[in-house]
Amino acid sequence: MKHTISILCDDKPGVMTRISGLFSRRGFNIESLTVGHTETPGKSRFTIVVRGDDTVLEQVRKQLQKLVHVIKVLDIKSTEAVEREHALLKIEVSPNKRSEVLQIITALQARIIDSSSNIWILEITGDTKSVNNAFNLLGDYKIVESIRTGKIALKRDSIGK
Amino acid sequence: MKNNMEKETTLTGAQALLKALEEEKAEIIFGYPGGATLPVYDKLHESGIRHILCRHEQGGAHMADGYARATGKAGLCMATSGPGATNLVTGLATSFMDSTPVIAISGQVPREMIGNDAFQEVDITGITIPITKHNYLISESSEISNSIHEAYYLSTTGRKGPILLDIPKDVLNENIKTPEKNNHKTNLEGYNPTIKGHVGQIKRAVTLLKKSNKVLIISGGGVVSSGAEDALTNFAKKYQIPVAATLMGKNGFPNSDELYLGLVGYHGTAAGNTAIQKAETIIAIGTRFGDRTTGPLKTFAQNANIIHIDIDPAEISKNIPSFIPIVGDASAIIEELDKQFSEIKNAELNRKEEEWLKYLIGIKTSRTKPADNSKLNIPLILEQLKKILKDPIITTDVGRHQIFTAHHFPVDKKNSFITSGGLGTMGFGLPAAIGAKAGKPDETVICISGDGSFLMCCQELVTSVEEDLPVIVLVMRDNRLGMISQLQDAFYGKRYNCCDLGSVVDFTKIAEGMGAKGIRVKTPEEIEPAIKKAIELNKTTVIEFIIDEAKNTYPMVTGNSLTDFIEEEL
Ligand SMILES: Cc1ncc(C[n+]2csc(CCOP(=O)(O)OP(=O)(O)O)c2C)c(N)n1
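These protein sequence lines map, in sequence, to chains A and W.
Count the first sequence with the numbering used here and you get residues 501 to 661, in order.
Count the second sequence with the numbering used here and you get residues 131 to 700, in order.
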């Protein structure tokens, strides 16, 4: 079972090591991890996607909460949250495939942010499912390189803070 | 006012450190110097803090821990960068596993060298993340004071634990420009330990207790760390509830009391383990249900609803599902439990409660027998020790002698049984004893050790002698790693590989060579005079007991449940 965990914490040196170390020590593989500043100076928010059973997750949540710089830990259900991922894809497009690919790009609401002869860099934003979709569809062409940010998520209600 | 400010600005980082430690009422630093901490050593004499020079930083960390366990106050140790810092690691892990308040200060290479693999540079904050409650790499001298106050606060509140502060040498030398002054309690937004138990949960617990006839209390290490011994004793005696203990909770309830059933778990007593398996309701106080306590999880306390009292919410249902969790400080919760329970419970036991108690005490009594006095053995030594010294502070090392001590030395006074329960650190006993003596100079401190464990930190005899902190070490010499041979006996077809310690060591000479007194005891008749002599001498003394025929320590769980154990023949 996949879980999305959102962690609000103090932006202090080492906080990343403390958090990621806890996951590996308790036997969780992190699928993706994103971190960035928040609206409050000195506070960061992590969004971490992990796979694991509920009881172990509960233990990890409580252990995270024990870290001195961790302020709040939420297990976010996708039904209660807005989730986004961002991906960059570098594809090779031969001249005879251009119009085909352009159609797909429009359908996916992706953007071409760089192009030089037959190498294009596309940008895609959406929930994990639509980013997966994009990879599937473009998989028929030659993906030279790609990168995904991993999921970020915010709860819809006000108590998420 | 202006003058004051100016005065403050002339402090060096090292002076600010010592000042903050004094403000925290630190009395003793167990330390060992090196290049990176010399700025502190240079100013140490100006402070009122006593420095005790250990002979190995591991010893220093264990001393700080022993001091903390004996006094209830935070212990303090200090080491230099690199090897000094890494030598603290075993000690910090020991404190972490047993949740004891220790502050460790390590020197670090100057800031501009960090990350360059400088001489004696090691990433000690990285290394100790998983074995400290929190740690700091101080990057400005202005942070020192606040960080120290924060460290003491964190270490001694909530679930206690060790904190390490790593301070670069140039930060110690730097003059402080503007000392930071934060209120550390408000500064730590994410740290809010729950102290007071939830009243509704306590009420539910009381309702459950009212309905139960077979109640058992498990005293865990949290009873000791909360200082809840009196509250627990009062509660158990008032309602005549039997008490079993984890190794860490042995000191939570007077062991000579009729209600005390002994240890539970892997080396639990027949009475303690039977009680677990047959109880209807268990009040588990300050225990993390470690594997040495529960045995196989699947079969643990199958008939019981568990009321789990713990200050750490992460311990609730971690290993054993709890029926009624109560998060908070044990003393306060037990008192509230008593208050509510006394309103509905009449003083008399009903017939079923009486039977339960009689049944368990019956099991206990059937296993109680005087030690064999025909040959020199550990239970006999412990029995005689208790006759001579009613309530000394006992520290132990790790092995069979530790379990024998847990079974055969009843502990009846608070903070007087000090052992490495969670990490099982051989070598802990002697330095912990020295730390305890430093904190409680008027008490007699006895370390019960094995011939394997003692050699791991025996150099601290020198510290004991030089610093005039006399302790008595009883070395149970059986020429082997006893506990290892016991495991090989039970689980490896008696293939006693690599647990023979040979016989070249002369423990009395080690003692004499380090300025202590050495006594050898070979017969049961010599036990009493030897111990009495050591006490009378009031000097650090090692008594080497030549154990006739090394015996396994029983009971020991070998099967699938806590009542599936082997016992010594009666
Ligand atoms: C530092 C460390 N290394 C290894 C062990 C594993 N170990 C547990 S008990 C034991 C034997 C202890 O021997 P001794 O101190 O002579 O005590 P005895 O069991 O003979 O009473 C060993 C090696 C340990 N607990 N700690």
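Since the hints were made in silico from the structure, they are not lab data.
Careful: at least some of the hints might be erroneous.
Stated by the list, open to error - Selected chain A positions facing chain W (in silico; Cβ < 10 Å):
#1 G521
#2 L522
#3 R551
#4 L557
#5 Q563
#6 K566
#7 V570
#8 E583
#9 R584
#10 Q609
#11 R611
#12 I612
#13 S615
#14 R648
#15 I652
#16 K655
Stated by the list, open to error - Here's a subset of chain W near chain A, in silico, CB distances under 8 Å, partners left out:
#17 T255
#18 I259
#19 H264
#20 L267
#21 L318
#22 G320
#23 P443
#24 A444
#25 K448
#26 Y489
#27 G643
#28 M644
#29 G645
Computed from a prediction, not measured in an experiment: that's the story for all the values here.
All C-beta atoms, glycine included, are put in the ideal place defined by N, C-alpha and C.
Would the hint on S615/A be counted as holding, given a Cβ-Cβ threshold of 10 Å to chain W?
Given a least distance of 40 Å, the restraint on S615/A is violated.
K566/A was flagged as interface toward chain W. Is the shortest Cβ-Cβ separation under 10 Å?
6 Å, holds
Given a cut of 10 Å on the nearest C-beta pair, is the interface hint for I612/A held or broken against chain W?
41 Å, violated
Report holds or violated for the interface hint on I652/A, using the least CB-CB distance to chain W and a cut-off of 10 Å.
21 Å, violated
For the hint on L267/W, does the least C-beta distance to chain A fall short of 8 Å?
Holds, because the Cβ-Cβ distance from L267/W to chain A comes to roughly 7 Å (cut-off 8 Å).
With a cut-off of 10 Å on the beta carbons, see whether L557/A makes it to chain W.
13 Å, violated
Using 10 Å as the Cβ threshold, decide whether L522/A counts as touching chain W.
Nearest chain W Cβ about 8 Å off; hint holds.
Status of the R611/A interface restraint (C-beta, 10 Å, chain W):
39 Å, violated
Would you settle whether the hint for R648/A is holds or violated, based on the nearest Cβ-Cβ distance to chain W being less than 10 Å?
28 Å, violated
Should the hint that R551/A touches chain W count as held when the rule is a Cβ pair under 10 Å?
Violated: closest Cβ of chain W sits about 20 Å from R551/A, beyond 10 Å.
Min Cβ distance, L318/W to chain A: is it shorter than 8 Å?
L318/W check passes; min Cβ-Cβ to chain A is 6 Å, inside 8 Å.
Are Q563/A and chain W close enough, Cβ to Cβ, to be under 10 Å, as the hint says?
5 Å, holds
The earlier numbered hints that this structure contradicts are 3, 4, 8, 9, 10, 11, 12, 13, 14, 15, 16, 26, 27, 28 and 29.
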